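Engineer: Knowing the structure of chain A, use the given hints to seat chain B on it.
So you can see what is in the structure, the chains are spelled out below.
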Amino acid sequence: MLSVKDVTTFIQGKKIIHDISLDIKPGEIVGLIGPNGTGKTTFMKTVLGLTKFTGSISIDKQRITENNHQALKKVGALIEHPAIYPFLTGRQNLLLYSESNKDLEEIISTLKMENFIDKKSKNYSLGMKQKLGIGIALLNNPELVILDEPMNGLDIESTIMIRDVIRKYANQGCMFLISSHILGELQKVMTQVVLLRSGKVILNRSMDLLNQDSSKKYYVQVDKKNLIENLLSRNNIDYQWVDNCLEIDSQDVKLMQDLIFQNGFYLNRLEPEKLNLEEKVIRILSDKEGSNNEE
Amino acid sequence: MRNNLYQETKKFWYQKKPLWGILTLFILMYYSLITGHHNKMDIIQLFGASQWISIILVTISSDFLSMEYRDNTIITMLYKSSNQFNIYFSKIITLVLYSVLLSLCGIVFTILETIFSHQLLTINILRALICNMIEIFLYTIFIVTLSLLLISLVKIDAIVILIGLMLGFLGATFSNIFTSLFHTWDRVIRWNPLNMIYIINQLSDSKYFKYSLLNNMQLVLGTIGYAMIFLVIGYWTFKNRRV
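In order, the protein sequence lines correspond to chains A and B. Residues 1 to 295 in my numbering are what the first sequence lists, from first letter to last. Residues 296 to 538 in my numbering are what the second sequence lists, from first letter to last.
Treat the hints as calculated values from the structure; they're not laboratory data. Values in this document were obtained by computation on a predicted structure and should not be read as measured data. Check the hints yourself; a few may be wrong.
Stated by the list, open to error - Quick list of simulated restraints, FRET-style, between CB atoms: (1) Gln172/A <-> Asn535/B: 31 to 39 Å; (2) Leu399/B <-> Asp60/A: 31 to 39 Å; (3) Gln172/A <-> Lys534/B: 17 to 25 Å.
Stated by the list, open to error - Straight-line alpha carbon distances no greater than 27 Å define the calculated DSSO-like cross-link-like pairs of lysine-lysine that follow: (4) Lys15/A <-> Lys305/B; (5) Lys61/A <-> Lys534/B; (6) Lys52/A <-> Lys73/A; (7) Lys74/A <-> Lys305/B; (8) Lys122/A <-> Lys311/B; (9) Lys14/A <-> Lys450/B; (10) Lys52/A <-> Lys450/B; (11) Lys312/B <-> Lys120/A; (12) Lys122/A <-> Lys305/B; (13) Lys311/B <-> Lys119/A; (14) Lys534/B <-> Lys119/A; (15) Lys61/A <-> Lys5/A; (16) Lys534/B <-> Lys73/A; (17) Lys502/B <-> Lys305/B; (18) Lys74/A <-> Lys14/A; (19) Lys120/A <-> Lys311/B; (20) Lys311/B <-> Lys73/A; (21) Lys305/B <-> Lys112/A; (22) Lys505/B <-> Lys122/A; (23) Lys274/A <-> Lys217/A; (24) Lys254/A <-> Lys274/A; (25) Lys534/B <-> Lys52/A; (26) Lys450/B <-> Lys5/A; (27) Lys312/B <-> Lys15/A; (28) Lys200/A <-> Lys225/A; (29) Lys534/B <-> Lys450/B; (30) Lys305/B <-> Lys450/B; (31) Lys335/B <-> Lys122/A; (32) Lys119/A <-> Lys305/B; (33) Lys534/B <-> Lys120/A; (34) Lys122/A <-> Lys112/A; (35) Lys305/B <-> Lys102/A; (36) Lys14/A <-> Lys534/B; (37) Lys74/A <-> Lys534/B; (38) Lys280/A <-> Lys200/A.
Glycine residues also receive a C-beta, built at the ideal position from the N, C-alpha and C atoms.
The following block holds chain A by itself, in its conformation from the complex:
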């Protein structure tokens, strides 16, 4: 298990990460999201022991410090750009870090790199480099894989393949910490979402919980519109009409239902607003901004 406790990172004396605590259990895929310059890459580098930090980071109770990387033996990472020597072939790049030939061949075939793996990597396209970078991260059966924007430069086919590979490794118990701006893509694989803003965690929730609790609006379809409008207005329930449906806040749903039933009316349809991850994130960020401004 990866355990991050009260981690604060300083770069050139400036606090970039503020007291982050986070646990990742085997098999979990944690999506690290947030606006640009919010500290996602710095946090990933901190987990890799590449920055000065306070607090504690450990993998299976083995601590990682700036000077002790023993716990990182079973960690793979792709940070910023694929770390590739252009004068080596893809295979030679993998061989530099590979502990077994069998594993190396498996990575090549899993990531479908057979066609270009023996060519000099300076001639690779961005997508090929990205695949090779992910391949290096997945070498030697890692327990934790950290991927910074792994879908950069990948075509649709490769994106789907990488998604499947991530799921496959996670099913085998590998932990993933992934950052991406393509939230829709991330949503398809992650089991937990961590939203960062200005170096602070403003949301850390499992995807199941996020899907349950994020509906702030409900859509209600009713007969006898005028009568129901009067009823809601009399009871100070805010509403508006959207495409022939009443849109009301989730906090008023219970009261509205009671009023409608008590007055002998009935509902044709009552359903929560369905938001994708992008819309949810924008809403959470704007809510937090609102509450910060109020403070």
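Structural biologist: Just chain B now, kept in the frame of chain A:
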């Protein structure tokens, strides 16, 4: 450490640059051969090999470290390695071993040239050649540690190469100017790092003592001492460089 050394050696030889370095050494030695006096001194000095090797090493050393930052491979190296010293030190070992190979190439060239030009290869000349190889070895440790320190500090290959070239061609002249300008302080100034350049000549030719003002033992200790200082500061800079 063994793993780091394996990786560095592999990366080093997969580049074409070390082979170009050897070829460049032969060309420059040949240039010295056809433009020089072709006397005993030229043979002992390996047709200027020590100077050429130091220039080749400055160029290759600075690139050997800066490429890690350029290609973002430093991140993988840093987290995969148990500590940063192993990375830095294995780079130095790889480069010093390469310098040994370069000086061996220099000796082979000189011996072959001597044989083909029907000159007598006396025991004294052979002894001087071996002495020269030791000089080159000591000087290249100095040059390699200095190059890695400079590239860690200034981060631009071109500047490091320029400083290396100036050191190779003008270092001794600068040192002489300092010593003559402040001759009352010569007991201190003779220990300046530029003066260590004399190690490439003095062990095999004692007349250089009048320029360096250091005896052979002092020169050896000074060179090793500076190499250690460059190693410590270079490693500290490398360790604290942001990735």
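Engineer: Tell me if the straight-line CA distance from Lys534/B to Lys120/A falls inside 27 Å.
Structural biologist: violated (30 Å)
Engineer: Given the hint that Lys61/A pairs with Lys5/A, does the C-alpha gap stay at or below 27 Å?
Structural biologist: It holds: about 12 Å lies between the C-alpha atoms, which stays within 27 Å.
Engineer: Holds or violated: Lys119/A and Lys305/B, Cα atoms, limit 27 Å.
Structural biologist: holds (17 Å)
Engineer: Regarding the pair Lys274/A and Lys217/A, is the alpha-carbon distance no greater than 27 Å?
Structural biologist: The given pair, whose Cα atoms are some 9 Å apart, holds under the 27 Å limit.
Engineer: Has the given pair, Lys305/B with Lys112/A, been kept, meaning a C-alpha gap of at most 27 Å?
Structural biologist: holds (26 Å)
Engineer: Verify the proposed pairing of Lys534/B with Lys450/B, using a straight-line Cα cut of 27 Å.
Structural biologist: Distance ~14 Å between Lys534/B and Lys450/B Cα, so the pair holds.
Engineer: Between Lys120/A and Lys311/B, is the straight-line Cα distance small enough, at 27 Å or below?
Structural biologist: At roughly 13 Å apart (the allowed maximum being 27 Å), Lys311/B and Lys120/A satisfy the hint.
Engineer: Would you say the C-beta atoms of Gln172/A and Asn535/B sit inside 31 to 39 Å of each other?
Structural biologist: Distance hint for Gln172/A, Asn535/B holds at roughly 38 Å.
Engineer: Regarding the pair Lys122/A and Lys311/B, is the alpha-carbon distance no greater than 27 Å?
Structural biologist: holds (14 Å)
Engineer: Can you confirm whether the C-alpha distance between Lys74/A and Lys534/B stays at or below 27 Å?
Structural biologist: holds (23 Å)
Engineer: Need the status of pair Lys74/A, Lys305/B: alpha-carbon distance at most 27 Å?
Structural biologist: Roughly 23 Å separates the two Cα atoms, so the pair holds.
Engineer: Run the distance test for Lys312/B versus Lys15/A: straight-line Cα separation, threshold 27 Å.
Structural biologist: Outside the cut-off at roughly 42 Å; violated.
Against the hints set out earlier in the document, violations occur for numbers 2, 3, 4, 14, 17, 18, 20, 22, 26, 27, 28, 31, 33.
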